Structures are given as structure tokens and as C-alpha cells.
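Asks: So you can see what is in the structure, the chains are spelled out below.
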Amino acid sequence: MSRVIALLYLAIKKLRVALVDVLPIIIVIGFFQVAVIQQPIPEFGSIIVGSIFVVVGLMLFVEGLNMGLFPIGETMANSLTRKGSLFWLLTFAFALGFSTTVAEPALIAVAAEAGRIAAEGGLIPGDSASIDRYALGMRLTVAFSVGFAILIGVLRILMGWPIYYLIIGGYIGVIMVTFYAPEEIIGIAYDVGGVTTSTITVPLVTALGVGLARTIKGRKPLTEGFGLIAFASLTPMIFVMIYGLIYFS
Amino acid sequence: MTPLLNQLGDVLVSTIWDVTPILVLIVFYQIVVLKRPIPNLKRVIVGSIYVVIGLAFFLLGLEKALFPVGQMMGTQLSSPEFLSIDADAAIDWRNYYWIYIFAAAIGFATTIAEPSLIAVAIKANQVSGGSITNWGLRITVALGVAFALALGTYRIVTGTPLHLYITAGYALVILQTIFAPKDLVALAYDSGGVTTSTVTVPIVAALGLGLADVLPGRNPAIDGFGLIAFASLFPIVAVLAYAQIKYFIAKSKKRKT
Numbered sequence: 001m002s003r004v005i006a007l008l009y010l011a012i013k014k015l016r017v018a019l020v021d022v023l024p025i026i027i028v029i030g031f032f033q034v035a036v037i038q039q040p041i042p043e044f045g046s047i048i049v050g051s052i053f054v055v056v057g058l059m060l061f062v063e064g065l066n067m068g069l070f071p072i073g074e075t076m077a078n079s080l081t082r083k084g085s086l087f088w089l090l091t092f093a094f095a096l097g098f099s100t101t102v103a104e105p106a107l108i109a110v111a112a113e114a115g116r117i118a119a120e121g122g123l124i125p126g127d128s129a130s131i132d133r134y135a136l137g138m139r140l141t142v143a144f145s146v147g148f149a150i151l152i153g154v155l156r157i158l159m160g161w162p163i164y165y166l167i168i169g170g171y172i173g174v175i176m177v178t179f180y181a182p183e184e185i186i187g188i189a190y191d192v193g194g195v196t197t198s199t200i201t202v203p204l205v206t207a208l209g210v211g212l213a214r215t216i217k218g219r220k221p222l223t224e225g226f227g228l229i230a231f232a233s234l235t236p237m238i239f240v241m242i243y244g245l246i247y248f249s
Numbered sequence: 001m002t003p004l005l006n007q008l009g010d011v012l013v014s015t016i017w018d019v020t021p022i023l024v025l026i027v028f029y030q031i032v033v034l035k036r037p038i039p040n041l042k043r044v045i046v047g048s049i050y051v052v053i054g055l056a057f058f059l060l061g062l063e064k065a066l067f068p069v070g071q072m073m074g075t076q077l078s079s080p081e082f083l084s085i086d087a088d089a090a091i092d093w094r095n096y097y098w099i100y101i102f103a104a105a106i107g108f109a110t111t112i113a114e115p116s117l118i119a120v121a122i123k124a125n126q127v128s129g130g131s132i133t134n135w136g137l138r139i140t141v142a143l144g145v146a147f148a149l150a151l152g153t154y155r156i157v158t159g160t161p162l163h164l165y166i167t168a169g170y171a172l173v174i175l176q177t178i179f180a181p182k183d184l185v186a187l188a189y190d191s192g193g194v195t196t197s198t199v200t201v202p203i204v205a206a207l208g209l210g211l212a213d214v215l216p217g218r219n220p221a222i223d224g225f226g227l228i229a230f231a232s233l234f235p236i237v238a239v240l241a242y243a244q245i246k247y248f249i250a251k252s253k254k255r256k257t
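Sequences listed follow chains D and G, in order.
For the first sequence, my numbering assigns the number 1 to the initial residue and increments by one for each residue that follows.
For the second sequence, my numbering assigns the number 1 to the initial residue and increments by one for each residue that follows.
Bear in mind the hints are in silico, worked out from the structure with no lab data behind them.
Since we're looking at a predicted model, the values are computed, not measured.
Here a beta-carbon is modelled for each residue, glycine too, at the ideal position from N, C-alpha and C.
Accuracy of the hints is not assured; some may be wrong.
Stretches of chain D that chain G covers, calculated by requiring three or more beta carbons in the stretch to come under 8 Å of a beta carbon on chain G [as the list claims (entries may be wrong)]: (1) 19-26; (2) 65-74; (3) 89-103.
Here are some, though not all, of the chain G residues that point toward chain D, as calculated from beta-carbon distances under 8 Å [said to hold, decoys possible]: (4) 53; (5) 109; (6) 162; (7) 164; (8) 189; (9) 209; (10) 228.
Take these sequences, add in the hints, and give me the full structure.
Replies: Rendered as C-alpha cells:
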């Protein structure tokens with residue numbers, strides 16, 4: 001009996017983390033529905049089931065990451081920086097950015113939505129195979145650009161380049177590509193910048209950055225370790241606009 | 001119940017593919033490059049199974065709850081019946097105030113509770129030697145996101161080009177970077193990335209798309225996106241401004257004593 005209670009307690013504690021993400025949304029939407037819109041919510045049951053799925057799914061996802069992938073990723077980043085092989089460190093940086101972005105939940109969701117919108121707007125054929133291909137192409141483009149950004153970010157920490165050179169360079173790149181990009185891709189391209197850096201990518205990339213800055217003499221981990229994430233949200237904008245330029249022409 | 005189970009099965013298969021690259025990466029580097037066995041192999045395997053199942057549930061729930069709810073809010077709050085305006089009249093942005101208020105509320109509420117922002121705030125407190133307080137930063141960023149989403153929905157209502165806003169925002173950030181305390185620049189840049197969490201992103205994206213769908217003359221592909229881009233740019237502006245003001249106050253205090 002006491003084991004059951006202990007297990008239940010543990011589950012509630014884990015659930016709390018996921019609930020913190022969802023609760024503010026429920027409160028705000030609930031308030032607007034009751035106080036402002038004052039109409040019955042359509043498909044209420046399905047929404048409740050879906051919300052439970054979101055909370056439970058997020059809990060399992062984060063728990064699984066904490067159990068296996070995060071500890072391994074961190075030790076790996078540490079041993080690779082100490083190994084001192086520039087080639088393996090840089091390929092690791094690229095592969096880490098690429099693979100974590102492919103599994104990023106928010107990106108999967110937004111890319112699918114982008115495919116649906118593009119099909120409705122007649123930009124791509126409306127069958128589900130074309131929509132899936134377009135969405136997958138977008139995700140791989142984003143994954144490639146995040147990998148590229150992390151690689152450059154690691155080089156930055158090694159060389160000691162100031163972060164704002166990269167960021168300002170990235171801004172200029174975004175604005176220049178915007179001039180040539182088709183109008184239909186600009187919005188989604190700007191949005192994926194913010195999408196790429198969430199649940200999986202941020203903790204692993206931060207660990208890599210802070211670990212690197214700690215291993216190299218004369219670097220302050222608190223300041224040098226950051227900035228990788230910001231750069232990783234700029235390159236996807238540039239590359240997705242180029243993707244649209246190629247795909248829609 | 002059966003269609004739901006079928007859907008779950010489909011999603012599970014695709015999430016296995018989504019997680020495969022990370023597993024390949026870890027196995028390859030551990031065995032080929034570092035030439036060591038994988039530590040705690042059992043935990044890693046169980047953890048990976050959790051990740052796959054969790055991702056599948058999350059994506060299914062997203063499709064059933066987050067997307068429809070976001071879209072529904074965008075549609076309901078801007079429908080002519082709700083606002084009691086003439087459906088055929090030209091769009092006047094002043095009629096759509098409820099959508100701005102809602103966007104601001106959802107931006108503020110989700111950001112203030114965001115766990116990764118709390119982590120950044122703690123680090124910012126250390127870097128700045130205590131002059132930037134934990135709550136100060138969190139409220140600043142939350143206000144930044146609230147303003148960003150309100151402005152973003154205003155942009156969708158008016159249909160003005162997104163790149164103009166973003167270009168202006170970038171120019172502002174560059175200008176602020178020149179004057180801001182250098183220690184905090186990287187941290188401020190990163191705060192833009194962490195505000196948009198996995199749950200917030202789909203709901204905010206759907207809100208914009210729903211809004212663009214309902215408004216006459218707006219094209220979801222062109223006008224519907226951009227809210228997330230705003231929500232990742234404005235926190236940078238807010239944090240840089242906050243750091244600037246704090247340092248300025250600290251400096252003028254020192255001068256007096």
C-alpha cells in the first residue's frame with residue numbers, strides 16, 4: 001500500500017512540471033471562454049482528452065530525456081572537448097544540432113501546419129504525400145541550419161569571437177535573403193527561428209557551450225557559454241527562405 | 001476508441017524515426033570515437049522508450065487540443081457576430097481589441113511560468129552580480145512577450161508586411177547591443193529563444209492562422225505566421241533595455257555617494 005502511495009506521489013511530482021507549461025494556457029483560455037465569449041466550447045470532450053495527452057506526453061518525454069539522453073549528451077560533450085580533436089568536436093556539434101532538431105516536438109507540429117497551409121494556398125499539390133514531403137524537407141532544412149549554427153557557435157567559443165558579430169551578421173543575412181524570398185515563405189521562415197530552440201535542443205546545446213567554455217583557459221563559462229541558442233534561431237530563417245526560393249520556383 | 005488507437009499507432013511509428021538520429025549519434029560517438037561502452041545502458045534504453053511514447057502522445061494531443069483551441073480562439077474573438085460589426089465592411093483594426101488583449105494575456109501567462117526562463121533568470125542574477133533580480137527579469141521578459149503578441153495580432157489584422165517589423169526590431173537590437181553592458185548581451189540574446197516553449201508555440205501559431213483565416217482579405221500563408229518570430233525578438237529588446245536601465249541606476253547611485 002505504501003509503495004502505491006509513494007509511486008502516486010512521484011507521478012504527481014513529475015506531472016507538476018508538465019502542468020506548469022499547460023496551466024497558464026488553461027486559465028487564460030478558460031477565463032476568456034467564460035467571461036468574454038460566453039458560448040459553449042465545441043468538441044469539449046475531444047479537447048479535454050487532447051490536453052491530457054499533451055500533459056502526459058510532455059511528462060514522459062522530459063522524464064525520458066532526463067533519464068538517458070541528457071546525462072549522456074553532457075558527459076559526451078565534456079569528454080569530446082577534453083579529447084582535443086577539433087574534427088570530432090565540430091562534427092559532434094553539427095550532429096548534435098541536427099539530430100536534436102529533427103526530434104523537436106514544436107517543429108514537427110509547425111512544419112505539418114505549414115504544409116497544410118501551403119497546400120490550401122495552392123503552393124504545393126494537396127495530396128498528403130506532397131504535404132508530408134514539403135514538411136519533412138522543411139524540418140531537414142531547419143535541422144541542417146541548426147547543426148551549422150552550433151558548429152559555428154563552437155568555433156566562436158574556441159576562437160573567442162564576440163557573440164554580437166555573429167548575431168549582427170545573422171540579422172544582415174536574414175534581411176538580405178528576405179528581399180529575394182517568395183512572400184509565402186517569409187512568415188513561416190521567421191517563425192521556425194523561434195521554434196527550433198525548445199525542449200531538447202536548448203539543454204544539450206547549453207551543456208555543450210558551458211562545458212567548452214569551462215575547458216578552455218581564460219573563458220568565463222557564464223558569459224561565453226551562452227549565445228549559441230540565439231545564433232541557432234537565426235540560421236534556420238535564412239535557410240528556410242532559401243528552401244522556399246528553391247521549392248516554389 | 002479504435003480510431004484514436006490507430007492514430008496513436010501511426011504517430012508512434014513516425015516518432016521512432018524522429019528520435020533515431022539522436023540514438024545513432026550517441027551510439028556512434030560513444031563506441032567509434034570515444035571507444036567506451038555506453039554508461040547505464042538500461043536507463044538509456046528505458047529513457048528512449050519514454051521519449052518515443054511521450055512524443056507520440058504529445059503530438060496527438062496537440063492535434064486534438066492545442067491546435068483546435070488556438071484556432072478557435074482566433075476565430076471566435078474576431079468573428080463579426082461576436083464583435084457585432086458589419087461583416088462586409090472594410091477592416092478597422094480598432095474593432096479587434098479583444099484579440100490583442102487575449103494575445104497579450106496568453107503571452108504574459110505562459111512566459112512568467114516558463115521553466116527555462118527561470119533558469120536564465122537565475123544565471124542573469126549571478127552574471128550581473130545581483131543587480132538584475134530574478135523576478136525583475138521574468139516580469140520584463142513576460143511583458144516583452146505580451147507586447148510582442150499583441151503587436152503581432154495587430155499586424156495580422158492590418159496585414160502589414162512582417163519583414164518591416166522584424167527589420168526595425170533587428171535595428172533596435174543592434175543599437176541596444178552597442179550600448180548595453182557586454183556581459184549580458186549573450187544572455188539577452190538567448191532569452192529570446194527560451195520564451196517560446198513547446199506548448200506555447202503550437203497554440204500561438206494556430207491563433208495567428210485562425211485569425212488570418214477569418215479576416216476578409218487575409219491569406220494565412222502570408223499573414224498568418226509571424227507571432228512566434230515576434231515573441232522571440234521582443235524579449236531580447238526587453239532584457240537589453242532592463243539591463244541598461246539597471247546599470248544606469250547603479251552607476252548614478254555610485255556617483256552620488
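Asks: Which constraints among the numbered hints does this structure fail? Numbers only, ascending.
Replies: As far as the earlier hints go, only 7 is violated by this structure.
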